[in-house]
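Engineer: One letter stands for each residue in the lines below.
Protein chains: 2
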Amino acid sequence: MRLVVIGGVAAGLSAASRARRLDRSLEILVLEKGQHISYAACGLPYYLEGHVRRPEDLVVHNADFFRREREIEIRTGAEVAAIAPMRREVQLRSGERIVYDKLVVATGAQPVTGGVPGAFTLHTIEDARKLREFLDQKRPRRAAVVGAGYIGLELAEALRSNGLDVAVYESSENVLNRHDAGLTALVGKHLERCRVELKLNARFDGGGSYDLVVSAAGLLPNVMLAFGAGIELGATGAIRVNERMETNVAGIYAAGDCAEMRHLVTGRMVWVPLGSTANKMGRVAGANAAGKRARFQGIAGTSIVRVCGLAVATTGLSLEMARREGFDAVSERIEAHDRARYFWTSRPTTVELVAERRSGRLLGGTVLGDADVAGRINVVASALAHRMLVDEFQYLDLAYSPPYAPVWDPLLVCAQQLEKKLG
Amino acid sequence: MRLVVIGGVAAGLSAASRARRLDRSLEILVLEKGQHISYAACGLPYYLEGHVRRPEDLVVHNADFFRREREIEIRTGAEVAAIAPMRREVQLRSGERIVYDKLVVATGAQPVTGGVPGAFTLHTIEDARKLREFLDQKRPRRAAVVGAGYIGLELAEALRSNGLDVAVYESSENVLNRHDAGLTALVGKHLERCRVELKLNARFDGGGSYDLVVSAAGLLPNVMLAFGAGIELGATGAIRVNERMETNVAGIYAAGDCAEMRHLVTGRMVWVPLGSTANKMGRVAGANAAGKRARFQGIAGTSIVRVCGLAVATTGLSLEMARREGFDAVSERIEAHDRARYFWTSRPTTVELVAERRSGRLLGGTVLGDADVAGRINVVASALAHRMLVDEFQYLDLAYSPPYAPVWDPLLVCAQQLEKKLG
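Chains as they are written, first to last, in my numbering: chain Y, 1 to 423; chain V, 1 to 423.
None of these hints come from the bench; they were simulated from the model.
All figures in this text were calculated on a predicted structure; none of them were measured in a lab.
Check the hints yourself; a few may be wrong.
Each pair may be met inside one copy or between any two copies, as identical chains are not told apart.
Stated by the list, open to error - DSBU-like, lysine-lysine: derived pairs with alpha carbons at most 35 Å apart: (1) K189 / K33; (2) K130 / K189; (3) K33 / K138; (4) K420 / K292; (5) K420 / K130; (6) K420 / K33; (7) K189 / K199; (8) K189 / K138; (9) K292 / K421; (10) K420 / K189; (11) K420 / K138; (12) K199 / K138.
The shape of chain Y in the complex, shown without the other chains (with noise of 0.2 Å):
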């Protein structure tokens, strides 16, 4: 039995890792078109800040480590250019065919580079050590930074790091790919408060006097090569699967970056591409290629990003977001202090929690802070996980002791405001 994966970075190697322990005696082989593997791309905006010394402290395991610790072969350079279903076998750039049994499709995601000549992405470690190399040997002063969603801010605060001028563009009226308009404004006054321009409702024309031009426009899934083995797509334009990670073809799962999901809020299939859900879903895909039963439930859509030293998190639905869902949704915020309010290192802390009128029911929340914005965040998702009541949330036992959060935390208190907006 062979399975081969295709793509070499977080949901192919987690599928490979899984089915090997699953299965001792099956052949396992991954095909990576790029020549890194396992490599953590989402820490690349930590490298051009600065603190991370070398792309390559991101890899996380080489390919020898693979061959040797878990018996995985990985070719590198290895760009498959078909599938064949019918014969199970794909079909490499360099014409070589390779029979398999079990296939996992993990071709990820590619930036949008949204027709921007010249401009820069980051989206691989090439991609950041050319963007490193410009910023030490032209020591450019203004950027431009298309896109506000996560990366996009990202790269803006690592650039004001490196000392840039930057000025965010952002074609929709929202940050971070959230319809929100008050996160929006939250975000948008902290980046105007660390000398950040966001630019939004504005595409980016190539005018102004920018030395340096980052496109962070989006990304879209990798499904050129399932799409044309007959695998079919879903709604959203990434590979559609099951809660096993079953594409439509017999034998072939997807996961990662190219496949959807189901939200656990709305219980429809979106496609959000997270390093922290591909890792996920190669798991899954891993264990039912390697013969076990395993399950994805989904994604309450929990995300977090740093923004100019601010964690901004997010899980579920925005207000907006809830009503387009077509639920009557009700939301409360609430600033707060993070640990009690004498300690002194306690700071303020934004909270704010969406839920459906009539049952009560959580629909989403939002975390901005210096600390434990993580933790909070995380809190809702797994309420979320669990379509909690308001009603319970409030009463929920979280930690208390002074030094790290209040007799009463930000999370409670928002959730006993909002109950009083209930029916």
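Starting from the structure of chain Y, add chain V where the hints point.
Structural biologist: Chain V alone, transformed into the frame defined by chain Y:
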């Protein structure tokens, strides 16, 4: 209609405030035997430590505030000598009688002095002032702390910060009142590094050349008043209440450190006096006393304490506790990075999870580390409130971004490892 509340710290004032919010016409009187109301007793160690400058900084609101802003009458120095449920009245030590329609008993708890003559305690603002004065005037060099519960360990840290040599005597074999040998070993090792001497299974006999002895040997619920009035106590020795905070006597509620609460994992009544729980119980008692229907589900048993800079958090049951409760339990402990490995603020964190072998139901957890510990234990606490299975828990959509968390959160890594041990 008159609501009388006995006790003016956490639960009492939460009850009064909640009742006022829900019923503008209620007459509300709070009787507090001490001179201070509404103060954060949990902050006292940090006043001793030096970061909180004056004990007054721990006062949330004064009596004037409650009178003016909430139309709640507060009498300090008003000690209740007896409750007469048949006549619906309370008698003060002064002889004065006050009639009530609804009564909330929030008499709190008191420290067990444990018969150590001349020992200080740290339960009230007065206690803290005396201890601070002693430190400033007598400049003791060697201190013994009796009890390794959270107050004992906070005290040990505060005294170390004041330059004292500290020994902690604990009569049981465990720290933090938790039957958990693994946790005790980890905390013990950390205390050693901080040069706090931990003596387990050790009764303090007054020996040794200590210049200062502080007793933190535990708390007892203040139930005399209630018991004298025919209010039932539970097996824990605290006042028995239902989820509406009703006692067995009509019109009388109990809340806070004097009352029992349900443990969400075992379903049994327990007594875990904590400020956060006291406030929640008070809120529920106040709502019900004001004629609304509110319920308090119970506690997961979440706690967090700073031990010489290290955050130590637990929730639910330890392995030993789970086995004592009759669960066929397994546990897994891992050490992992709390943020992306390559991110410069990344530090090790320890996560332990406990589950029932056959069902896979999560039963408890422990997290230790420098940062994000409260957030991680809160995710476990929320999962316990929902009887979550390890299999669901391991795929929770937790926030990921290098500055805040690794791609596989330590919680998820631990759950994956634990999953292997399940039946």
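Engineer: Confirm or reject each hint.
Structural biologist: These are the hints, each one checked on the structure:
Taking the closest pair of Cα atoms, K189 and K33 never come within 35 Å of each other, the shortest separation being 42 Å inside a single copy and 48 Å across copies. In the homo-oligomer, the alpha carbons of K130 and K189 lie at most 35 Å apart inside one protomer (31 Å), although the nearest pairing across protomers, at 47 Å, exceeds that limit. Taking the shortest alpha-carbon separations for K33 and K138, only the intra-copy value of 31 Å comes in at or below 35 Å, while the best inter-copy value is 73 Å. Taking the shortest Cα distances, K420 and K292 sit within 35 Å of each other only across copies (13 Å), while inside one copy they are farther apart (47 Å).
Within a single copy, K420 and K130 get their C-alpha atoms no closer than 54 Å, and across copies no closer than 43 Å, so neither meets the 35 Å cut-off. Taking the closest pair of Cα atoms, K420 and K33 come within 35 Å of each other only across two copies (34 Å); inside a single copy the shortest separation is 55 Å, beyond that limit. Proximity of K189 and K199 under a CA criterion of 35 Å is satisfied intra-copy only: 12 Å inside one chain copy versus 53 Å between copies. Only within a single protomer do K189 and K138 lie at most 35 Å apart by alpha-carbon distance; the minimum there is 31 Å, versus 52 Å between protomers.
Proximity of K292 to K421 under the C-alpha cut-off of 35 Å is restricted to the inter-copy arrangement: shortest distance 16 Å between copies versus 46 Å within a copy. Taking identical chains as interchangeable, the C-alpha atoms of K420 and K189 lie at most 35 Å apart only when both belong to the same chain, with a minimum of 29 Å there against 47 Å between chains. Within a single copy, K420 and K138 get their C-alpha atoms no closer than 57 Å, and across copies no closer than 53 Å, so neither meets the 35 Å cut-off. For the identical chains of this complex, K199 and K138 are intra-copy neighbours only, at 25 Å inside a copy versus 63 Å across copies, given an alpha-carbon limit of 35 Å.
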